[in-house]
Amino acid sequence: MNRLAVELPGLSLKNPIMPASGCFGFGKEYAKLYNLSQLGAIMIKATTLETRLGNPTPRVAETPAGMLNAIGLQNPGLTKVMENELPWLEQYDVPIIANVAGTLTEDYVAVAKSISQAPNVHALELNISCPNVKQGGITFGTDPVVAEELTRAVKEVSSVPVYVKLSPNVTNVNDIAKAVEAGGADGITMINTLLGIRLDTKTGRPVIANVTGGLSGPAIKPVALRMVYDVAKQVSIPIIGMGGISTIDDVIDFLSAGASAVAIGTANFVDPFVCPNLIEQLPEKLDELGFETVTELVGRSHRL
Amino acid sequence: MIRQGQMQVVKQQQIAANIFELTLIGQQVLDMKQPGQFVHIRVSDQMEPLLRRPISISSIDKETLEFTMIYRADGRGTTLLSEKKPGAQVDVLGPLGNGFPIEKIEAGQTALLVGGGIGVPPLYELSKRLVEKGVKPVHVLGFQSKDVVFYEREFQQLGKTHIVTADGSYGHKGFVTNVLETLEDDFAVYYSCGPTPMLKALEEMYPEKAGYLSFEQRMGCGIGACFACVCETTEKTEADYVKVCSDGPVFQSGVVRV
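Chain order of the listed sequences is A and B. Note that this note's numbering numbers the first sequence so that position 239 is 254, with each residue one more than the last. Note that this note's numbering numbers the second sequence so that position 129 is 209, with each residue one more than the last.
Honestly, the hints are just simulated from the structure, not real lab data. The beta-carbon is built from N, C-alpha and C at its ideal position, and this holds for glycine as well. Errors might be hidden in some of the hints.
[Stated by the list, open to error] Derived DSSO-like pairs: lysine-lysine, alpha-carbon spacing no greater than 30 Å straight-line:
(1) LYS316(B) <-> LYS47(A)
(2) LYS95(A) <-> LYS316(B)
(3) LYS216(B) <-> LYS43(A)
[What the hints assert, rightly or not] Here are a few chain B residues that face chain A, going by a calculated C-beta distance under 10 Å:
(4) ARG83
(5) GLN86
(6) GLN126
(7) ALA308
(8) VAL335
(9) VAL338
Starting from the given sequences, assemble the full structure and let the hints guide the process.
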């Protein structure tokens, strides 16, 4: 028996550790460093219908125990992802979670319908925290009604389970979580980055060309953990937790708070081997805590 | 091959105002192929500062397994790095990126090497390799002022070297272009690293010459995955964009829109 295995809608994970979308490209760079088949899954970079060149630079800025980014969903577009990136990833024995983004509902639907048919795409991750969408901005991720409708529209066309990635930039994340569950979501991934600004102290100018960026890294872990903890009590669909995870203790905390698996983002930039390292450390940590399997650990904070 | 590992500090010394020369030893030196490549350094094992710092390689010695970097300590990360003493361990990811192609020039020809400020260091290994190959390098090195000039003698040992300072406190006064205007353009290839306005001026000055320019951009991962360091391209290339860390940092002149 594989004590690290986790079964989720569409996903038979050999372990609960996967790189988060946007922090791992389409895997090619990290494949030069280690065998991607070790990973539980891979959340590939957000794919939009059309090619996107992203925002002007500077796109990143370091902050205390974290970083801001405003890449702007740069990606080669659906056709090239389907023709080049996904077939290339087929050489690895690893399920792909395709992050789907767009401006209009129709864009999400078109990308979801097509990309969910790729043989190695086992689930979708609906990116509803895009800042430039219909109905005045980030409403896909911040308005429960819109989030539910979008989830339903994508569910209708997707041939694989749909996970929805929640934004933390909301008044009440539970409302959004319950809405996407009602819309038919098979799971939730959370959290995306927190909006922030860094200023150049000398000039007073924002460091990032886009002015605002998304905060990630260890700094956001307590916020992410709180949201996972709260949402786990509100929904019955599984959660893939993320937000500032860089150590094995962070992994344990997210699982305890109710995540069934976790994703690693910014930590990949600090230590490109962080994912395989955490996978290697996990069995020992389970022993130390007295748990036989990963699944026993999931949600234990709620059973105390 | 990109590796990550601990390397040991052999030597660290200040060579100009806030400019440090740091020599590390370790097996990763064997993978350092081209002049102009860089390493991505973690200056602390704490969560702050979090990200790695990209620093260019200024010289490589495969026999002793040592390499040297020259950097300016002007932020929290590089200041911490400057405090590392011999014997200390430094977490190094690299070598990264594509450096200056020396195969684009032949023995007996002249190469023009133009550096600006903290863009000067990678030209040192480049010049050494060119001299080994029988190429004659001419160096034009620009600095802000006398107190930040470094490696004048080292470059002089390799070839003719012109020093320029913006405030005129040492060498020629003005920008590197002021000196370049007075030189014969009998070189076969130019190589440059420095601020983007300087690279742009060179492209405009020598539109007919083959040139290789090293660019700088804020980086995240350093290996091409995060899309932080992209640059717009010109019509000269089919690519919509290039990444400084993994497609560069050195590009042929005309590729990056400056």
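Verification of the hints:
Only pairs whose Cα atoms come within 30 Å are accepted, and LYS316(B) paired with LYS47(A) is accepted, the gap being roughly 29 Å. Straight-line distance between C-alpha atoms of LYS95(A) and LYS316(B) comes to about 22 Å, which keeps the hinted pair within the 30 Å bound. Taken as a hint, the LYS216(B) and LYS43(A) pair is broken in the structure, with Cα atoms around 39 Å apart against an allowance of 30 Å. Of the supplied interface hints, the one on ARG83(B) holds, with its beta-carbon coming within about 9 Å of a beta-carbon of chain A, less than 10 Å.
The interface hint given for GLN86(B) is broken, as the beta carbon of that residue sits about 12 Å from the closest beta carbon of chain A, more than 10 Å. Interface restraint check: GLN126(B) against chain A, minimum CB-CB distance 9 Å, threshold 10 Å, status holds. At about 4 Å, the closest approach between the beta carbon of ALA308(B) and any beta carbon in chain A falls short of 10 Å, and the interface hint on this residue holds. Taken as an interface hint, VAL335(B) does not check out: its beta carbon lies about 16 Å from the nearest beta carbon of chain A, beyond 10 Å.
Evaluation of the VAL338(B) hint against chain A yields a violated restraint, the C-beta minimum of about 13 Å exceeding 10 Å.
Hints 3, 5, 8 and 9, counting from the list given before, are not met by this structure.
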